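Peer 1: Use these hints to put chain A onto chain Z, whose structure you have.
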Amino acid sequence: GDSVTQMEGPVTLSEEAFLTINCTYTATGYPSLFWYVQYPGEGLQLLLKATKADDKGSNKGFEATYRKETTSFHLEKGSVQVSDSAVYFCALDFGNEKLTFGTGTRLTIIP
Amino acid sequence: NAGVTQTPKFQVLKTGQSMTLQCAQDMNHNSMYWYRQDPGMGLRLIYYSASEGTTDKGEVPNGYNVSRLNKREFSLRLESAAPSQTSVYFCASSGSGVGGYTFGSGTRLTVV
Chain Z
1 GDSVTQMEGP
11 VTLSEEAFLT
21 INCTYTATGY
31 PSLFWYVQYP
41 GEGLQLLLKA
51 TKADDKGSNK
61 GFEATYRKET
71 TSFHLEKGSV
81 QVSDSAVYFC
91 ALDFGNEKLT
101 FGTGTRLTII
111 P
Chain A
112 NAGVTQTPKF
122 QVLKTGQSMT
132 LQCAQDMNHN
142 SMYWYRQDPG
152 MGLRLIYYSA
162 SEGTTDKGEV
172 PNGYNVSRLN
182 KREFSLRLES
192 AAPSQTSVYF
202 CASSGSGVGG
212 YTFGSGTRLT
222 VV
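Chains as they are written, first to last, in the numbering used here: chain Z, 1 to 111; chain A, 112 to 223.
This is chain Z alone, in the form it adopts within the complex (with noise of 0.2 Å):
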């Protein structure tokens, strides 16, 4: 079936470094692609999307790029703030609107 695998975390970075978020999919056909953010104590929020191959999603300084050759969408920001901390989701949908989710990776930035 459908998946999402998601780099385990947590992850801990100091403010301004460079941030990469790992996320590969498994699934039969092209699905829209996404991101979500979980701050604490909230719910989820969509960050960014990618619809076709090679579309680059990008929000708040943050960028992924779909791409079909290695079936990864992975979460990029040139400079992390400590305003970033939070739980990141990749997950993907065929347009049922039924989306899979990963697990989630915990981002700790310290000042």
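Where hints are given, some of them may not hold.
Per label pair, the in silico range of CB-to-CB distance [what the hints assert, rightly or not]: (1) Z:Phe94 <-> A:Gly151: 21 to 31 Å; (2) Z:Asp2 <-> A:Glu190: 29 to 39 Å; (3) A:Gln128 <-> Z:Leu13: 37 to 47 Å.
Hints were generated in silico from the structure; no laboratory data involved.
Note that the structure is a prediction, hence the values are computed from the model and not measured.
We put the beta carbon where it would ideally sit given N, CA and C, even for glycine.
Peer 2: Using the frame of chain Z, we list chain A on its own:
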């Protein structure tokens, strides 16, 4: 714009008690979902409703029932709570197309 509203935010139940978690959305979305979130397991789909009047089982439906009361409201009921149902529960909704979900802020449930 309130988005997705869940009540209550916190609840403690004794084993065997019943309760209903409420969810309402004001975005005129057709689809609504209930997920549970457990440490190390991400989000798992309990039930979903693709439209008013329809409901379907997700990955972990045992021990739960749902009601899609109208287009706005989708409730989750635990008939006889068990400690294994201790979790954080999230309701979400989505419209047509690939726009992603809007989540509520969650209900933290503890069953003792």
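Peer 1: Between Gln128 of chain A and Leu13 of chain Z, does the C-beta distance stay in 37 to 47 Å?
Peer 2: About 43 Å separates the Cβ atoms of Gln128 of chain A and Leu13 of chain Z, which means 37 to 47 Å holds.
Peer 1: Is 29 to 39 Å right for how far apart the beta carbons of Asp2 of chain Z and Glu190 of chain A are?
Peer 2: Check passed, 31 Å falls within 29 to 39 Å.
Peer 1: Honestly, do Phe94 of chain Z and Gly151 of chain A meet the 21 to 31 Å range at C-beta?
Peer 2: For Phe94 of chain Z and Gly151 of chain A the Cβ distance comes to about 26 Å; the hint holds.
When each numbered hint is compared with the structure, no violation occurs for any of them.
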